[in-house]
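Novice: Both chains come to you apart, so use the hints to assemble them.
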Amino acid sequence: MEAMKETVDQNLREMRDTFASGRTRSVKWRKTQLQAIIEMVKDNEDKMCDVLFQDLGKHRTEAFRDELGFVMRSAETALKCLDKWVVPKKSNLPLLFYPATGKVISEPYGTVLVLSSWNFPISLSLDPMIGAISAGNTVLLKASELSPNTSAFLAKTIPSYLDTKAIKVIEGGPDVATILLQHQWDKIFFTGSPRIGKIIMAAAANHLTPVTLELGGKCPTIIDHHSVSKDMKSVVKRITGAKWGSCSGQACISVDYVLVEQSFASSLVEMLKPVIKSFFGENPKESGSLARIVTKKHFQRLSRLLSDPRVQASIVYGGSMDEEKLYVEPTILLDPPLDSEIMNEEIFGPILPIITLRDIQESIGFIKSKPKPLAIYAFTKDEKLKTRILSETSSGSVTFNDVMIQYMCDALPFGGVGESGMGRYHGKYSFECFSHEKAVMEGSLAMDLEPRYPPWNNFKLTFIRLAFREAYFKLVLLMLGLKK
Amino acid sequence: MAKLFEAADANILMTELRRSFDAGVTRGYEWRVSQLKKLLVICDNHETEIVSALHDDLGKPELESSVYEVALLRNSIKLALKQLKNWMAPDKAKTSLTTFPASAEIVSEPLGVVLVISAWNYPFLLSIDPVIGAISAGNAVVLKPSELAPASSSLLAKLLEQYLDPSAVRVVEGAVTETTLLLEQKWDKIFYTGSSKIGRIIMMAAAKHLTPVVLELGGKSPVVIDSDTNLKITAKRIISGKWGCNNGQACISPDYILTTKEYAPKVIDAMKQELEAFYGKNPMESKDMSRIVNSNHFDRLSKILEEKDVSDKIVYGGQKNRDNLKISPTILLDVPLDSLIMSEEIFGPLLPILTLNNLEECFDVIRSRPKPLAAYLFTQNQKLKERFAMTISAGGIVVNDIAVHLSLPTLPFGGVGESGMGSYHGKFSFDAFSHKKAVLYKGFIGDAAIRYPPYSRGKLRLLKALVNSNLVEVFKVLLGLS
Numbered sequence: 001m002e003a004m005k006e007t008v009d010q011n012l013r014e015m016r017d018t019f020a021s022g023r024t025r026s027v028k029w030r031k032t033q034l035q036a037i038i039e040m041v042k043d044n045e046d047k048m049c050d051v052l053f054q055d056l057g058k059h060r061t062e063a064f065r066d067e068l069g070f071v072m073r074s075a076e077t078a079l080k081c082l083d084k085w086v087v088p089k090k091s092n093l094p095l096l097f098y099p100a101t102g103k104v105i106s107e108p109y110g111t112v113l114v115l116s117s118w119n120f121p122i123s124l125s126l127d128p129m130i131g132a133i134s135a136g137n138t139v140l141l142k143a144s145e146l147s148p149n150t151s152a153f154l155a156k157t158i159p160s161y162l163d164t165k166a167i168k169v170i171e172g173g174p175d176v177a178t179i180l181l182q183h184q185w186d187k188i189f190f191t192g193s194p195r196i197g198k199i200i201m202a203a204a205a206n207h208l209t210p211v212t213l214e215l216g217g218k219c220p221t222i223i224d225h226h227s228v229s230k231d232m233k234s235v236v237k238r239i240t241g242a243k244w245g246s247c248s249g250q251a252c253i254s255v256d257y258v259l260v261e262q263s264f265a266s267s268l269v270e271m272l273k274p275v276i277k278s279f280f281g282e283n284p285k286e287s288g289s290l291a292r293i294v295t296k297k298h299f300q301r302l303s304r305l306l307s308d309p310r311v312q313a314s315i316v317y318g319g320s321m322d323e324e325k326l327y328v329e330p331t332i333l334l335d336p337p338l339d340s341e342i343m344n345e346e347i348f349g350p351i352l353p354i355i356t357l358r359d360i361q362e363s364i365g366f367i368k369s370k371p372k373p374l375a376i377y378a379f380t381k382d383e384k385l386k387t388r389i390l391s392e393t394s395s396g397s398v399t400f401n402d403v404m405i406q407y408m409c410d411a412l413p414f415g416g417v418g419e420s421g422m423g424r425y426h427g428k429y430s431f432e433c434f435s436h437e438k439a440v441m442e443g444s445l446a447m448d449l450e451p452r453y454p455p456w457n458n459f460k461l462t463f464i465r466l467a468f469r470e471a472y473f474k475l476v477l478l479m480l481g482l483k484k
Numbered sequence: 001m002a003k004l005f006e007a008a009d010a011n012i013l014m015t016e017l018r019r020s021f022d023a024g025v026t027r028g029y030e031w032r033v034s035q036l037k038k039l040l041v042i043c044d045n046h047e048t049e050i051v052s053a054l055h056d057d058l059g060k061p062e063l064e065s066s067v068y069e070v071a072l073l074r075n076s077i078k079l080a081l082k083q084l085k086n087w088m089a090p091d092k093a094k095t096s097l098t099t100f101p102a103s104a105e106i107v108s109e110p111l112g113v114v115l116v117i118s119a120w121n122y123p124f125l126l127s128i129d130p131v132i133g134a135i136s137a138g139n140a141v142v143l144k145p146s147e148l149a150p151a152s153s154s155l156l157a158k159l160l161e162q163y164l165d166p167s168a169v170r171v172v173e174g175a176v177t178e179t180t181l182l183l184e185q186k187w188d189k190i191f192y193t194g195s196s197k198i199g200r201i202i203m204m205a206a207a208k209h210l211t212p213v214v215l216e217l218g219g220k221s222p223v224v225i226d227s228d229t230n231l232k233i234t235a236k237r238i239i240s241g242k243w244g245c246n247n248g249q250a251c252i253s254p255d256y257i258l259t260t261k262e263y264a265p266k267v268i269d270a271m272k273q274e275l276e277a278f279y280g281k282n283p284m285e286s287k288d289m290s291r292i293v294n295s296n297h298f299d300r301l302s303k304i305l306e307e308k309d310v311s312d313k314i315v316y317g318g319q320k321n322r323d324n325l326k327i328s329p330t331i332l333l334d335v336p337l338d339s340l341i342m343s344e345e346i347f348g349p350l351l352p353i354l355t356l357n358n359l360e361e362c363f364d365v366i367r368s369r370p371k372p373l374a375a376y377l378f379t380q381n382q383k384l385k386e387r388f389a390m391t392i393s394a395g396g397i398v399v400n401d402i403a404v405h406l407s408l409p410t411l412p413f414g415g416v417g418e419s420g421m422g423s424y425h426g427k428f429s430f431d432a433f434s435h436k437k438a439v440l441y442k443g444f445i446g447d448a449a450i451r452y453p454p455y456s457r458g459k460l461r462l463l464k465a466l467v468n469s470n471l472v473e474v475f476k477v478l479l480g481l482s
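One line per chain: the protein sequences are Z and V, in this order.
The first sequence begins at 1 in full-length UniProt numbering and counts up by one.
The second sequence begins at 1 in full-length UniProt numbering and counts up by one.
FYI, nobody ran anything at the bench for these hints, they're computed from the structure.
Not the full set, but computed from the structure, chain V residues with beta-carbon under 8 Å of chain Z:
| hint | residue |
| --- | --- |
| 1 | I233 |
| 2 | I397 |
| 3 | H405 |
Keep in mind it's a predicted model, so treat the numbers as computed, not measured.
Note that CB positions come from ideal geometry on N, CA and C, so glycine has one too.
Extracted from the complex, chain V is given alone in its bound form (with noise of 0.2 Å):
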């Protein structure tokens, strides 16, 4: 049986890693970029091993592991490998008038001890990721897997462990116990993707050390379709991105639809024909789409679909088996909007579409509720795209696709609001885990006696110059004329 983790052990984890940043183990480029080949080891060498633990825990599809946990993360390494001189570089600032002569510099520099907390619906993106950021910025780190992906969360251990250097990178399994001992430890970042409500508990702990926290949380991700797309492309689409993405248990998966009521039969059907041609007759027995993780959330997706005026709008699906945790995909019509299923954040394989008398009022429907980690738009009207691209708030915007913006380092990938703070992915997760120094370098000539006491009106008049970086008006007041 695996050693109990107690307070002590996070004690003993903080010090030993903070010996090691102190000691400089995981500043120097050479260190980091090992550090990141040998996650790129991984990748190549363990990828069967990775599928199977992510087929164990989610019965997640080959091509879904291949390409959404371990291309993605293989490109994030070489993307960091690459770039990462660049990265380390300090960035020169522009100085003025008031602050002649000097020279400015914003330096990165590595946080320190780092703390990364991961999800079990992508458990090695999210875990790896994170840590790649971490890395690249010259921290050490300590990530602690989902325990709800336990295969995962065991082979992240032992790869970890195996690979990588184990005075500045480790791994802590475990669940709500272990979690709050870490979260009781101070840390000089912690980077969370979860839940909302989770993430208040996260943030809470971290004000107690004021440490920063990016917080990659979710919510309810609408996609409003419009009657002059390409349907048959939309509902593609809309299909790869919510089934075809861990059987829409995924943070951007789209949660509901919303369109006119003249339009939405059209799309129903769009979303009937292509959900057949993509999983077949009988979408139960298909085998490239994942279970529902656990019981525990089956029974929370039954519920949410067993409420009362809820399961009378099913017009597609519905089925369900308690046994292999598997529910095919279901397209409901006009639940109410104080549902169950419209109140909180699906996480599943059921897809509500809610009818609108014109596509305008779904600006009212999106703005009332909390933003969203992602909003999505079908259409070829240029002004609506202007329209919602300016004013819907939330994470990411994506018109005419679905979710494709993760796997776009060039993006800054984060929440808004309930949605979250802090962004990541490219750079974005270099800056996520440094700290921005500014450097103000200053020589000796230019020792003006305004600055100093005692004031004067003349001294006060050539500040007010220097100020406003008004040149004529120094030299005015410099010479006597003011």
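In isolation and in its complexed conformation, chain Z is listed as follows (with noise of 0.2 Å):
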């Protein structure tokens, strides 16, 4: 640990040197080392997926879209857009502070830390370093040690390709975070669980670093059968793709658990059979295209979470498990008691709860009583549901009609609330999450106001109140002397 002490201080200083030097404020600096991302991810692509498959068992092509194609298009996004984020921007000022002038310069805040998670581990990874190198800053990654082959990838490849003197990697697990979150960082992005996330920003207070934190929770779907029966096919393809077709259900704004009305719930059951045994063929295991749980750790707990009686009782699909190969097959579960613990902490797996309800209309109320989440779905087209939703409830984002897919739309801020976390990034976000707005005024030494000065009189008193109420003429008749 000595030496992992060691390493971290002079890691820091490296980076803070390097910060202070003004190399990564320089717009090329950053359009290199986002170039060099694209790069990497290009050269590596098969390797990358390599990883990818050995700590997740990912299909290529999940594995592609989540991450490396996710990855690439972000650099290239910010590539394109850095000449436009970094400009200041214009503030108008009031007509009496004539000829002073106003705007607000987005600067790097200086040395930051990156936390990510081992479910999408180049993506969660990377993607923060795109917003704080777009942003200027000099940055530390340290990756989950849960997916070690994809971490170990990242240390050995990122030196190539980056700026080393700025950017760094380190490996390690919570003992590793512990010592570098006892460092002074000046920003400090952390994805993972709200239990880490507390930890993070109790340590960030002991140096007043501002954090982003992108947690989780239990993210719902609505499916309000009545008014989406057409396209009922289309939303259990959705339902299903997203949930079991990402990383297994491992992941922060998946499918958590479905709402439908109690009419509904066996035809959906039925209907989503057979699209599964479509997507994951007759045996899932074997199918290539279903992701594995990460650790026996994480599959201990699902097992754990399926182990109630009254759970079992309520598995209408799937439900088999190998711990060997770190399976779970997905499992559907029709109304799990309410105070079981699947329906008490976020799943994070393959096994999906149908929650049955009088009329839909109760979802509102249902969400209500949960935490916020980082997403809420809802499969409807009826409007007043639809406002319904948006006024009455609260969660990082909100989909209609399809699920996951706002990660993908950069123009929409990616964050939660509340349990689900604070802060935001994507696109512009990106760069924002990493700059501190600092406000810039100028004013001119030629023109002065007298009443600005004391000793203090009523003319004066007078004038100030008029100038702050903008009422210019009365301020003229004041100064002429046509206004006591």
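Specialist: Here's what the structure looks like:
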């Protein structure tokens, strides 16, 4: 550990010196790094798919869609927009302040720390880094030890492509994270669970370090079967594809549970079954299209969730597990007890509870009874229901008639609220996430207003009152002695 | 004797406010407008009492109270009333080929039940301005004013209770005990104005509940004076920004001056001349400056003034009177860099001048210290202005003036590093108390099979093309040409 402490100290010192030198402020430097990230992904596509397969059993297509392709596009967007993002924003000042000018300059925080999660270890590492670099910071990445092959790959490969004096990678688990958190950072970006998020924020508080915490929650999916009956096939495909087709449900914005009216529940189950089969075959374990559970510990957690006899009794599809292969079959539950563990923590796995309601309107109250999730999904064409969902529930985001796709829309901020997190990124929000918006005002030494200065008297007080109200005409009268 | 505020009271308070929020009391435009209008009535009808309370607590001159507290608040409320509909409207966002066909927007929603903890130096401004933001954004809010300004605290409690909706807006008076009890609750946002030391405690408490915070803290705001400036105007602005703003007890007060050895004597002369013009030959008798807030702070300031190797650097002023808590405007020249007065935010009527061999050195001096809330520069040199604005990190930068940026609603007001996080004023206040919820509306056309397993090489190629928004490639694959 002493050696690790020394390494962290050294890295930090070098990063701070590099930042102080001003090198990372140049737009040219930032673009070079962003370009290098794109090259790194292009050159190493096979290797990246390999490590993602080793760590999570991800199929190449899934790996490209959710990680490689996503990162390249994010870097390309930043490259394209950077010149625009760095331009100071002019502010309009009231006439009274003429000829003063005001603007807001986005400046890098300095030296930032990115702690990423194991489920999308490439994109959750590189995407925040793209933001940090675009904003002109030096950055240190610690990827998750639970995706060790990817972490090792990043540690080895990033130094060959990026500026090693400004961008660093450290490997390790909670003990390394603890050492990192003892230091002062100018910003910390964390993706992970709410439990660890609290620890990160408390550590950041010691140094008054601002944080962005991308956490999780139970993302509900409402199916208003009355209004989308014509498109139900699409609904089922979208839910199935999202739940099991993206890291086997181990995603912060995965469909955690479904809310549907009692009368439609069994039809829904019967529609899901063939779609699951068509996507993953008769034996999903061998399909190659289903990611595996990341570690034994997580497998055991999922196993425990299912072991509750009342939950067992609610299984209507799947339920088989293989600890050796870290495989859990796509599983559907119908009305597990609401006080069971599986209905009170983020599932983060290939198990889908369907909760039935008498009336779909009850879904609002149900969602409100739980912590604010990262996303709410609703399949409905009922405008009134849409309005109710938007105005009566709170979540990081809401997506109507699809699932998980808001992640791809980089014009939308991606982040949580309440238990699901604070701060946001993607697109220009990534740039802003790692920038301090500094107000700059310039006054003039040419003109001066006597009433600004003591000694005070009634005239000056009246003048200032009028000035504040921007009552310019009355001001003029006052100055001409025509107003008392 | 006032009833003690206990843990049970904090629980009840929270339950009641949550109930109101959940019932939708605070969300409607009409409610927000009605509360803002009531705040305006308070400013209009109770200015005299406010001025009087500020005089009791701080010896604040009437003009400062009327202008820097009441008038600023009035403007802030009026702006919110005028802009609220705009601020509440969703923002449209662009979608791309990958998410086609879809439309997207960003909806501002209230965070819920929020806590505003304010400071003693501008007790009305720093209490009500954040509350304006909280209410405009549709939240229920609890205000805890500073106990170090007791007359203001009790007047705030009385007026807010009298005019605002008690089911959603409340004031809790008190000190450490009450604040600690409040901090144990789960708030949806905490807005704190005060010291960096307490800021850490607030953030740590907030971390337990993953409550986001805005911390408006302080620091040592430097003033760099270049020899090409208009010295008379510079001196006047520094004086009114320092001693004319609560007698140096303000977060963006000019804390120390940096100038060249050569220019320093001119600066001192100009300051002396203007100080006399403003406050007369006996500034201790002047009614145009606030007093020191209490004996604790008076003793703190005395101590840093009397430190060895500091007390002999006084070039102007230095008079003190503990009985009426007054310290005269005091200028010091070249105090040691490791002295107490240069190690912490002064927050008082003492102004050290540090001289440099050449002005260039100011960059290193400022950068070697924690990032301040404001950094000031007086110069006509365009290149210097640009370099200063681009490379000095502070909450805000003001060139050729002092503190005025505080009154501009179009500039975000907040710190960085030790001087804080988050910002407010104008629309930034509304945003500070809002969650910006991303909303994506999708249709059912365009359900590409490529989205779904089983995965194949063809699907991968198409996906790649889509991700790159490469229309040509998309068509080629679809037509089997790629």
